[in-house]
Amino acid sequence: MSDDNIGKDIIRGHIDTIVLTLLSEQDRYGYEVYKEVISRSNGRYELKEPSLYSAFRRLESQGHIRGYWGGESQGGRRKYYAVTDTGRSLCSKSRSEWNAVKKILDTLIGEEE
Amino acid sequence: MKLETLQPVRCYVRGLFRGVAETPGIAEQREEIETHIIDRIADGVSRGVTEEQAFAEAVESLGNLDELVETIIGTKKSVYVRKANWLLMAAALAYGSAYMAAVGLWFYFTGFGFKAFAIAVPGWLGYAIPAAIAWMDYRKNPGAVGLVAADRTSAVRSSVVGWAAISAACWIVNAFFFNSDNFLDPVWAWMPTFGVLTWPLMNTFESWMVKNLDSIKSPIEFGKD
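Here the protein sequences line up with chains A and B, keeping their order. Per this note's numbering, the first sequence starts with residue 1, numbered consecutively. Per this note's numbering, the second sequence starts with residue 114, numbered consecutively.
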């Protein structure tokens, strides 16, 4: 895994959206989300555990996700998370916002490497 | 996974939450992280890393859990600090205006006449200037965000105690040393009592704002990675 974690500060503002996006595909448990972020970013971004679980707690307290205890693994019980209706609408709102922002930023500061 | 690995993980995770009051929320979070680390070690081992190495990686990645614990127990709140400060100073100004008006009227009607202005106006400026500065600060950067303690009970308590102590001292000094004919000259007892009352009132108002006023709450969370 790379240590430089490019654009960590920029990504940080979108952690909740990342988590919501992954959970709106299917219910997942913490470690699953953790692995998914690494593999989808080809190892270029690692969402560290404290930030991941803080996002869970935040989203849960705002009612955007709901946790439930699922099956046992070898280590212990796993807590799964499901997106609620408000979480789903927040997710699509944040994603379309991001797509708009991405286009704007690309016209302003994109290209030229 | 070998049983010998599970025990150190449990001990380690327990250590991460040392000093944090045990609540159902904390207990669940601990269990969740325990499972997370054990899964992570098992994954590492299946990739061919030793258990010790995988454990060490997990420990490094976890770092410290201050942010997480903070989110769970919620001792701090993220607010628009300058806006909150401006509202606080504006409320103080409202109280100060009423108070200094009363002081001015009192002096006016006890023989000071228009000299009462020379007393009331500087006193009022003591409320107005901080409010003006707070307003300018707010206009300069309305979106400034900061963390404030969510539980302000102790600040409120100490300001009430402080106010009571100062007021009592003024009344006692007044009663014993000035020995005026009318026993208690209002200037030396009433004025500080109501003036210093600004302090607990501000603390109470601030505590109310942080708890109930949605317009100062910021959605931005502070995080470290």
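Just so you know, the hints here were simulated from the structure itself, not pulled from any lab data. Be aware that a few hints might be false.
What the hints assert, rightly or not - Below, in silico cross-link-like pairs of lysine-lysine (DSS-like), each with a Cα-Cα straight-line distance of 25 Å or less:
#, chain 1, residue 1, chain 2, residue 2
1, A, K48, B, K190
2, A, K93, B, K330
3, A, K48, A, K8
4, B, K228, A, K8
5, B, K189, B, K330
What the hints assert, rightly or not - Some chain A residues near chain B, calculated using beta-carbon distances under 8 Å:
#, residue
6, K79
7, Y80
8, A82
These numbers come from a predicted model, not from an experiment. For glycine and all other residues, C-beta sits at the position ideal for the given N, C-alpha and C.
Going through the hints against the structure:
Straight-line distance between C-alpha atoms of A/K48 and B/K190 comes to about 22 Å, which keeps the hinted pair within the 25 Å bound. Between the alpha carbons of A/K93 and B/K330 the distance comes to roughly 21 Å, so the proposed pair stays at or under 25 Å and holds. Proximity of A/K48 to A/K8 is assessed by CA-CA distance (about 11 Å); at most 25 Å being required, the pair is judged to hold. For a cut-off of 25 Å, the pair hint linking B/K228 to A/K8 is broken: about 63 Å separates their Cα positions.
In summary, the hint linking B/K189 to B/K330 is supported, as the alpha carbons are separated by about 11 Å, within the 25 Å threshold. Among the interface hints, the one on A/K79 holds; its C-beta lies about 5 Å from the nearest C-beta in chain B, closer than the 8 Å criterion. The closest approach between the C-beta of A/Y80 and any C-beta of chain B is roughly 10 Å, which is over the 8 Å cut-off, so the hint fails. A least Cβ separation of about 15 Å between A/A82 and chain B goes past the 8 Å threshold, and the interface hint is therefore violated.
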